[in-house]
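Colleague: Taken in order, these protein sequences are the chains called B and X. Residue numbers for the first sequence follow this note's numbering, beginning at 1 and rising by one. Residue numbers for the second sequence follow this note's numbering, beginning at 1 and rising by one.
Heads up, a few of these hints could be off.
DSSO-like mimics (lysine-lysine), calculated; alpha carbons at most 30 Å apart, straight line [unchecked claim]: (1) X:K67 to B:K297; (2) B:K256 to X:K67; (3) B:K256 to X:K31; (4) X:K70 to B:K245.
Quick look at which bits of chain B chain X covers, simulated, 3 or more residues with Cβ under 8 Å [as the list claims (entries may be wrong)]: (5) 72-78; (6) 292-301.
Everything labelled a hint here was simulated from the structure, so no lab data went into it. Every residue gets a Cβ at the ideal spot worked out from N, C-alpha and C, and that includes glycine.
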Amino acid sequence: MSSLRSDMQDYKDLLSKYLETKDEAILYQAEQFSKQSIQQNISPDEIVNVHYQALKDIYPDLHEQIEGSFKFLIETMISYGLAYQEHQVLREKQIELKSEIGVAANMQNTLLKTSVPKTHAIDIGVKSVPAREMNGDYHHFIKDEQGNVGVAVADVIGKGIPAAFCMSMIKFAMESFSENQIYPQWILDSLNRVVSRNVEQGMFVTMFYGLYDVYTHQFYYASAGHEPCFILRNETREFEEIDAKGLLLGVESAVKYEQLNTSIHEGDLIVLLTDGVTECRVDGRFIEQEEVLNIIKEHEHLNSQEIVEYVFKYFERLQDFQLRDDFTLVVMKRNSSLSV
Amino acid sequence: MNLHIDDHQEDNYGILKLSGEIDAYTAPQLKDKLLTLVEEKESVEVDLTKVSYMDSTGLGVFISALKLSKEKDHNFKLTNLQENVYRLFNITGLNEVISIENTIKGELS
Numbered sequence: 001m002s003s004l005r006s007d008m009q010d011y012k013d014l015l016s017k018y019l020e021t022k023d024e025a026i027l028y029q030a031e032q033f034s035k036q037s038i039q040q041n042i043s044p045d046e047i048v049n050v051h052y053q054a055l056k057d058i059y060p061d062l063h064e065q066i067e068g069s070f071k072f073l074i075e076t077m078i079s080y081g082l083a084y085q086e087h088q089v090l091r092e093k094q095i096e097l098k099s100e101i102g103v104a105a106n107m108q109n110t111l112l113k114t115s116v117p118k119t120h121a122i123d124i125g126v127k128s129v130p131a132r133e134m135n136g137d138y139h140h141f142i143k144d145e146q147g148n149v150g151v152a153v154a155d156v157i158g159k160g161i162p163a164a165f166c167m168s169m170i171k172f173a174m175e176s177f178s179e180n181q182i183y184p185q186w187i188l189d190s191l192n193r194v195v196s197r198n199v200e201q202g203m204f205v206t207m208f209y210g211l212y213d214v215y216t217h218q219f220y221y222a223s224a225g226h227e228p229c230f231i232l233r234n235e236t237r238e239f240e241e242i243d244a245k246g247l248l249l250g251v252e253s254a255v256k257y258e259q260l261n262t263s264i265h266e267g268d269l270i271v272l273l274t275d276g277v278t279e280c281r282v283d284g285r286f287i288e289q290e291e292v293l294n295i296i297k298e299h300e301h302l303n304s305q306e307i308v309e310y311v312f313k314y315f316e317r318l319q320d321f322q323l324r325d326d327f328t329l330v331v332m333k334r335n336s337s338l339s340v
Numbered sequence: 001m002n003l004h005i006d007d008h009q010e011d012n013y014g015i016l017k018l019s020g021e022i023d024a025y026t027a028p029q030l031k032d033k034l035l036t037l038v039e040e041k042e043s044v045e046v047d048l049t050k051v052s053y054m055d056s057t058g059l060g061v062f063i064s065a066l067k068l069s070k071e072k073d074h075n076f077k078l079t080n081l082q083e084n085v086y087r088l089f090n091i092t093g094l095n096e097v098i099s100i101e102n103t104i105k106g107e108l109s
C-alpha cells in the first residue's frame with residue numbers, strides 16, 4: 001500500500017505537470033506508470049481512483065457533478081478489475097499446464113523409447129515426427145531369443161493426451177509378451193483383447209506388425225486396420241504392396257487376425273509407415289504415399305537411416321508443407337550376404 | 001466447411017442425410033444426433049452421398065453407433081459412400097463389421 005501511496009504522489013505530479021504544459025514526454029511517463037501498475041497487480045478501478053484523488057488535490061473545488069461522475073466511473077470499473085484479476089490467474093494456470101504437458105511429453109518419449117535392433121541380416125532405419133506436442137504414432141522393435149526382429153507401427157486414433165496413455169498401455173502389453181511369442185497374428189490377437197478391455201469408446205488403434213526371420217528371410221506380417229506397407233523388390237525395381245485384412249484394434253474383442261508371409265531377397269527393402277492416409281481429403285495437400293515411395297526408391301542406395309532422414313528433409317523443404325498428422329517411417333533393408 | 005445434417009424420422013426408422021465434411025469440429029454434433037437416433041429407432045440409415053471428406057474422428061462416431069446398435073439389437077447402416085470415404089472403412093476393416101450399401105465410384109468434385 002505504501003508503494004501505492006508514493007506512486008500516487010508521482011501520478012499527481014505527472015498529472016499536474018501535464019495539465020500545465022501539455023508536454024508529450026509526460027504522456028510517455030504515464031504509459032510507464034500504467035505498465036508498473038500492471039506489474040503490481042493494481043486494478044483499473046484503483047487507477048481511476050488514483051486519478052480522482054489526484055484531481056481533487058490539484059483542483060480542491062472540483063465541481064460536484066464531476067466528483068459524482070468519478071464515483072460512478074469507479075463503480076463501473078470494478079468488474080473490469082475483477083475480470084482482469086481472473087485473467088491473470090488463468091494466465092498463470094496456463095503456464096503451469098503448459099509446463100506439465102511438456103513434462104508429460106518428455107515422459108512419453110522416455111516411456112516409449114525403443115531401440116533399433118542391430119543384426120547382420122537387415123539394416124533398419126526409423127523416424128517418427130509428431131504433428132503436435134504429443135505423438136499419436138507409435139513404433140516398437142522386439143528381438144527374440146533367436147535374433148529375429150519384430151517391428152510394430154501403430155497410429156492411435158484420438159489424439160493428444162488420451163492417445164498417449166493408450167500408447168503406453170500398448171507398449172507395456174507388448175513388453176510383457178514372452179520373447180518366443182512374437183508372431184504377428186498372436187501379437188495382434190492379444191493386443192486387441194487388451195485394447196478392447198481397457199480403452200474407452202471412441203479411441204482405436206491401427207497397427208501393422210511384422211516379424212523378420214533372420215535365418216529363413218521370411219517376413220511374417222499382420223495388420224489391424226493399418227494402411228498397407230510396401231516392399232521394394234530388388235529384382236523388378238517395383239514396389240509391392242503388402243497388406244493383410246484385419247479390423248482396427250479395440251472394436252471387437254473376439255477378432256482373429258490374418259497372418260501372411262513373403263520371402264525377402266537380397267537388396268529387397270521393406271517400408272512400414274503411418275502417413276495419415278486415414279484422412280482422405282480430396283483437395284488440399286497431405287503427404288502422398290506415392291511421393292514418399294518415389295523418394296525412397298531414388299535413394300535406396302543409402303543406408304536405411306539415411307533414407308528415412310532424407311525423406312523427412314525433403315518434406316521439410318517444401319514450402320506449403322505442414323504435417324497434418326503424425327508421421328512415422330520404418331525402412332528395413334536386407335543386407336547382401338557379401339557385405340557383412 | 002460445415003456439416004449439414006438432414007434428419008427424417010418415422011415410427012421405427014430414422015435416416016440422417018449428411019452433406020459436407022466430417023472432422024474433429026463437426027463430429028460431435030453428428031455423434032449426438034446419431035446416437036440418439038440409434039438409441040430410439042429400430043432401424044437407422046446414414047446417407048453419405050454428399051460427404052466429400054471424413055477423417056478418423058468420423059470413424060470413431062460410426063464405431064460408437066455400431067456398438068450401441070448391437071447393444072440395442074437395432075439395425076444400423078451406411079449408404080452411398082464416396083469412394084475416398086469408403087477407402088477409410090476398407091483400410092480399417094470396418095467394412096466387414098458395419099453394413100455398407102452402395103459405394104459411389106469416382107470422386108465428388
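Colleague: Run every hint past the structure and note whether it holds.
Modeller: Outcome of the hint check:
no.	hint	result
1	X:K67 to B:K297	43 Å, violated
2	B:K256 to X:K67	19 Å, holds
3	B:K256 to X:K31	29 Å, holds
4	X:K70 to B:K245	23 Å, holds
5	72-78	violated (count 0)
6	292-301	violated (count 0)
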